[in-house]
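K.L.:
Chain by chain, the residues run as shown.
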Amino acid sequence: MLNKEQKERYRRQIAVFGEDGQEKIGKTRLLVAGAGGLGSTAALFAAMAGFGTIRIIDPDCIEETNLNRQLLYRETDIGRPKADTAAKALHAMNSSIDIVPVTAAIGTAPSRDLIRGIDVIIDGLDNYLARFLLADAAWKCGIPFIHGAVEGFYGQVCTILPKTSPCLRCIVPNPPPVRETPIIGVTTGVIGCIQVTEAIKLATGTGLPISNHLLLWDGIRQKSDRLKIERIPTCTVCGSG
Amino acid sequence: MKVHVKAFATFREVMDSQLDMEFPKGATIRTLLTELTGKYEGLGELMFAAPGTLRDFVNILKNGRNVHFLAGLDTPLDDGDVIALFPPVAGG
Numbered sequence: 001m002l003n004k005e006q007k008e009r010y011r012r013q014i015a016v017f018g019e020d021g022q023e024k025i026g027k028t029r030l031l032v033a034g035a036g037g038l039g040s041t042a043a044l045f046a047a048m049a050g051f052g053t054i055r056i057i058d059p060d061c062i063e064e065t066n067l068n069r070q071l072l073y074r075e076t077d078i079g080r081p082k083a084d085t086a087a088k089a090l091h092a093m094n095s096s097i098d099i100v101p102v103t104a105a106i107g108t109a110p111s112r113d114l115i116r117g118i119d120v121i122i123d124g125l126d127n128y129l130a131r132f133l134l135a136d137a138a139w140k141c142g143i144p145f146i147h148g149a150v151e152g153f154y155g156q157v158c159t160i161l162p163k164t165s166p167c168l169r170c171i172v173p174n175p176p177p178v179r180e181t182p183i184i185g186v187t188t189g190v191i192g193c194i195q196v197t198e199a200i201k202l203a204t205g206t207g208l209p210i211s212n213h214l215l216l217w218d219g220i221r222q223k224s225d226r227l228k229i230e231r232i233p234t235c236t237v238c239g240s241g
Numbered sequence: 001m002k003v004h005v006k007a008f009a010t011f012r013e014v015m016d017s018q019l020d021m022e023f024p025k026g027a028t029i030r031t032l033l034t035e036l037t038g039k040y041e042g043l044g045e046l047m048f049a050a051p052g053t054l055r056d057f058v059n060i061l062k063n064g065r066n067v068h069f070l071a072g073l074d075t076p077l078d079d080g081d082v083i084a085l086f087p088p089v090a091g092g
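Protein chains in written order, with the working numbering: chain S, 1 to 241; chain U, 1 to 92.
Hints listed in this document are in silico derivations from the structure and should not be mistaken for laboratory results. From the three backbone atoms N, C-alpha and C, an ideal C-beta is built for every residue, glycine too.
With a cut-off of at most 30 Å between alpha-carbon atoms, the simulated DSS-like pairs for lysine-lysine come out as follows: (1) Lys24/S <-> Lys140/S; (2) Lys228/S <-> Lys39/U; (3) Lys88/S <-> Lys201/S; (4) Lys25/U <-> Lys39/U; (5) Lys140/S <-> Lys201/S; (6) Lys163/S <-> Lys201/S; (7) Lys6/U <-> Lys163/S; (8) Lys223/S <-> Lys6/U; (9) Lys6/U <-> Lys201/S; (10) Lys228/S <-> Lys6/U; (11) Lys4/S <-> Lys24/S; (12) Lys39/U <-> Lys223/S; (13) Lys201/S <-> Lys27/S; (14) Lys201/S <-> Lys7/S; (15) Lys228/S <-> Lys25/U; (16) Lys27/S <-> Lys140/S; (17) Lys201/S <-> Lys24/S; (18) Lys88/S <-> Lys27/S; (19) Lys2/U <-> Lys223/S; (20) Lys27/S <-> Lys7/S; (21) Lys4/S <-> Lys88/S; (22) Lys228/S <-> Lys2/U; (23) Lys6/U <-> Lys25/U.
Okay, the calculated bits of chain S under chain U, using three or more residues with CB under 8 Å as the criterion: (24) 120 to 134; (25) 151 to 160; (26) 164 to 174; (27) 225 to 235.
The calculated label-pair distances, taken between Cβ atoms and stated as ranges, are: (28) Gly142/S <-> Glu41/U: 44 to 52 Å; (29) Thr234/S <-> Glu13/U: 30 to 38 Å; (30) Val178/S <-> Lys2/U: 34 to 42 Å; (31) Arg179/S <-> His4/U: 25 to 33 Å.
Hey, can you work out the whole structure from these sequences and the hints?
P.N.:
What follows is the structure, encoded as structure tokens:
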């Protein structure tokens with residue numbers, strides 16, 4: 001049951017999906033993996049929407065080159081740990097929810113421990129090695145994983161539903177080499193918002209998630225496409241054999 | 001036979017975002033890429049590490065299935081196929 005303050009705070013979105021939907025968002029425990037461009041955007045909109053718990057994981061400290069897109073950070077934050085700084089900024093946006101910062105890299109602790117107690121994962125990572133570790137664990141634990149990635153004006157999103165949709169390795173069987181990716185804030189903004197939209201849809205049971213498809217965003221043409229993706233029977237993670 | 005080709009992400013900077021192509025029976029993904037790289041300057045370098053050697057992170061989907069899991073460059077084309085080409089974006 002929403003209290004009086006929640007009914008007032010979320011009044012404009014309760015008009016979208018009802019008090020029942022808002023309660024469901026409040027009960028959803030979200031993991032935002034990565035507090036960079038995607039993660040900042042996703043965590044901010046998730047906090048404003050009222051996700052009850054947001055666990056945000058990032059091993060890095062804030063650098064000047066982050067400030068073109070990582071909208072939780074200010075110039076005075078340079079040098080500070082991203083996870084803690086993000087948590088402070090999110091708390092200032094919404095002090096009624098639980099924000100849990102974790103300064104750690106995916107892979108330094110078992111992924112299962114990092115995702116324990118989580119209902120939905122938002123992928124804000126910047127390399128596929130970490131993505132695979134987390135997505136594989138999410139698959140095995142039955143947790144939806146909302147994949148997102150960007151480069152320049154381009155981005156992609158899909159919601160991986162364990163046992164139902166193709167896994168990340170069906171979509172990206174061979175990862176590209178790790179490099180400093182050209183990124184602009186408007187693209188991380190679009191893709192991060194699409195990811196939180198997917199999380200809201202899952203939490204409230206609204207519409208259908210972008211599963212079995214990869215949504216590909218083209219910011220130059222201001223157009224998105226959907227590419228159907230099939231599960232591969234021989235896939236080492238989700239294949240049937 | 002006719003196939004529809006869609007290109008995404010940075011491939012769009014060197015080629016059309018979509019086009020229809022016609023091939024004789026027996027054509028494969030290799031045939032398709034040969035024609036595309038001949039038509040669009042710069043595409044070959046994006047897709048191939050060396051002549052005939054596709055960069056392994058380049059995604060080529062035939063009707064939603066990555067050809068990496070089919071017969072690779074020797075995957076046959078069929079009439080009505082939708083072939084999607086994209087390098088996976090990785091940034092976050």
